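Asks: Sequence:
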Amino acid sequence: MEYIHSKDIFLLMRDTLKLIDRKPMDHGSRVAYYLYKMLECKGGFEKFELADFVFLASLHDIGAYKTDNLKDMLQYEFKETMAHSVYGYLVFKYLSPLSELSQIILYHHMDYSRLEAMGHEYKEVTACLNLAEKIDIYSTILGDKFAVSRLEKHIGTIFSKDSYDLFKQAEEKYDVINKVKSDDYKAELDEITEYMIFTNADKKKSVEMLMYIQGLKEENLVFNAVTCTCIAEILGQKAGLNELEREQLYYATLLHDIGMLAIPNGITNAPRNLTPEEYKKVKMHVLLAEKVLKNRMAEEVMGIVATHHERGDGSGYPRGLKEAQMNRNQWILQLADSVSALLAVKTYRPALSRDELSALLRKEAEQGKYNKMIVNLFLDGQSEIMDYVENRVDKTLVTYRKLNQQYKKVSRNFGEHR
Numbered sequence: 009m010e011y012i013h014s015k016d017i018f019l020l021m022r023d024t025l026k027l028i029d030r031k032p033m034d035h036g037s038r039v040a041y042y043l044y045k046m047l048e049c050k051g052g053f054e055k056f057e058l059a060d061f062v063f064l065a066s067l068h069d070i071g072a073y074k075t076d077n078l079k080d081m082l083q084y085e086f087k088e089t090m091a092h093s094v095y096g097y098l099v100f101k102y103l104s105p106l107s108e109l110s111q112i113i114l115y116h117h118m119d120y121s122r123l124e125a126m127g128h129e130y131k132e133v134t135a136c137l138n139l140a141e142k143i144d145i146y147s148t149i150l151g152d153k154f155a156v157s158r159l160e161k162h163i164g165t166i167f168s169k170d171s172y173d174l175f176k177q178a179e180e181k182y183d184v185i186n187k188v189k190s191d192d193y194k195a196e197l198d199e200i201t202e203y204m205i206f207t208n209a210d211k212k213k214s215v216e217m218l219m220y221i222q223g224l225k226e227e228n229l230v231f232n233a234v235t236c237t238c239i240a241e242i243l244g245q246k247a248g249l250n251e252l253e254r255e256q257l258y259y260a261t262l263l264h265d266i267g268m269l270a271i272p273n274g275i276t277n278a279p280r281n282l283t284p285e286e287y288k289k290v291k292m293h294v295l296l297a298e299k300v301l302k303n304r305m306a307e308e309v310m311g312i313v314a315t316h317h318e319r320g321d322g323s324g325y326p327r328g329l330k331e332a333q334m335n336r337n338q339w340i341l342q343l344a345d346s347v348s349a350l351l352a353v354k355t356y357r358p359a360l361s362r363d364e365l366s367a368l369l370r371k372e373a374e375q376g377k378y379n380k381m382i383v384n385l386f387l388d389g390q391s392e393i394m395d396y397v398e399n400r401v402d403k404t405l406v407t408y409r410k411l412n413q414q415y416k417k418v419s420r421n422f423g424e425h426r
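So for the sequence shown, my numbering puts the first residue at 9; every next one is plus one.
Since the hints were made in silico from the structure, they are not lab data.
Treat the hints with care, as some may be off.
So the derived label-pair ranges between C-beta atoms look like this [stated by the list, open to error]:
| hint | residue 1 | residue 2 | range |
| --- | --- | --- | --- |
| 1 | Thr-89 | Glu-374 | 35 to 43 Å |
| 2 | Asn-277 | Glu-374 | 42 to 50 Å |
| 3 | Glu-196 | Tyr-287 | 37 to 45 Å |
| 4 | Arg-357 | Glu-307 | 48 to 56 Å |
| 5 | Tyr-287 | Gln-375 | 18 to 26 Å |
| 6 | Arg-370 | Lys-416 | 25 to 33 Å |
| 7 | Glu-199 | Gln-375 | 30 to 38 Å |
None of these values were measured; they are calculated from a predicted model.
For each residue, glycine too, the CB sits at the ideal point set by N, CA and C.
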């Protein structure tokens, strides 16, 4: 079954990052359009290749979400360029279906005088991305005062002559700057994304990438997502879900908390119980996740995500559904999400012990909050499940830890490290 189309993978990733901060993604869309039209003028690329470059260029500043200065674009674009370039490169290298293009992100701030001497396969595309980015930044800051000719004096040092000539062609042929100013470019960008082609394996990798992206805001979100996924996986097997149902549950579990990316850290990391107003904001994360997933992810998957905070007695949110209105997949994610949260150390409370967890789940199952069958499956196999989870979490997080270790190592090599 196709849970998501190739184009929607890109849109989902872009809009998920916008939940944290939309500025880098809006900037990325404009840069991607400039790059697309420059490469179209250059010629020699198939539509699907142009679409891949658009995907990459749209997310070229993904590493900025890892830095301490996300709100200050001028800081990470001009003063501390390598930190976000390195992290973005590693995200694409280890997590994305476009790993072969990852060096474009690593070197997209490198002056052409240095880039030219390298054996980098995509150095001409990298040079075009470098110029496209600077044009967007300068034109955004200067408005009508900006003229591309201002950059001509930097040809051969910061920018390549070929990239400069390609932009001039794109400007003359497509009026790209005015199209960006008027937002007319979005229709053309939307058109080329229709040519994105991802295999089912690529799509699965991209959805898993979205789970890891949650760590750009807060690392605990990754650990909790992996824990929840492992618990749901084994509960699905014990509950006798068929292959289709297990796949739906898997995708829903990976994505269920993406709405939390929009919740301020001051609330999610509050060292106390939340105020009623703060809790109201936290509860919005379910509706935010629905909004991002709507018309992109299969309805069955979205339905599981939308109910992960509902409870069988009608006390959950956002719709106050009761057990009979939901299915096994939804019951499983509700329990898996709660268990992973209760086992995690919070700033305002310690993690529950296994005995404390068992007692609480029995009590709440009797109250009708959780489906009794699912709770009994968990309690009957609790030791087995938790041993499995601990083993799988360690293995699943190898890539994430490797990425962060490599970030520190590569950053040191470039002389920048947060």
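Asks: Hints first: check each against the structure and report whether it holds.
Replies: Results for each hint:
{"no.": "1", "hint": "Thr-89 <-> Glu-374: 35 to 43 Å", "in the structure": "violated, 58 Å"}
{"no.": "2", "hint": "Asn-277 <-> Glu-374: 42 to 50 Å", "in the structure": "violated, 33 Å"}
{"no.": "3", "hint": "Glu-196 <-> Tyr-287: 37 to 45 Å", "in the structure": "holds, 43 Å"}
{"no.": "4", "hint": "Arg-357 <-> Glu-307: 48 to 56 Å", "in the structure": "violated, 36 Å"}
{"no.": "5", "hint": "Tyr-287 <-> Gln-375: 18 to 26 Å", "in the structure": "holds, 20 Å"}
{"no.": "6", "hint": "Arg-370 <-> Lys-416: 25 to 33 Å", "in the structure": "violated, 44 Å"}
{"no.": "7", "hint": "Glu-199 <-> Gln-375: 30 to 38 Å", "in the structure": "violated, 53 Å"}
The structure is inconsistent with the numbered hints 1, 2, 4, 6, 7, although it conforms to all the rest.
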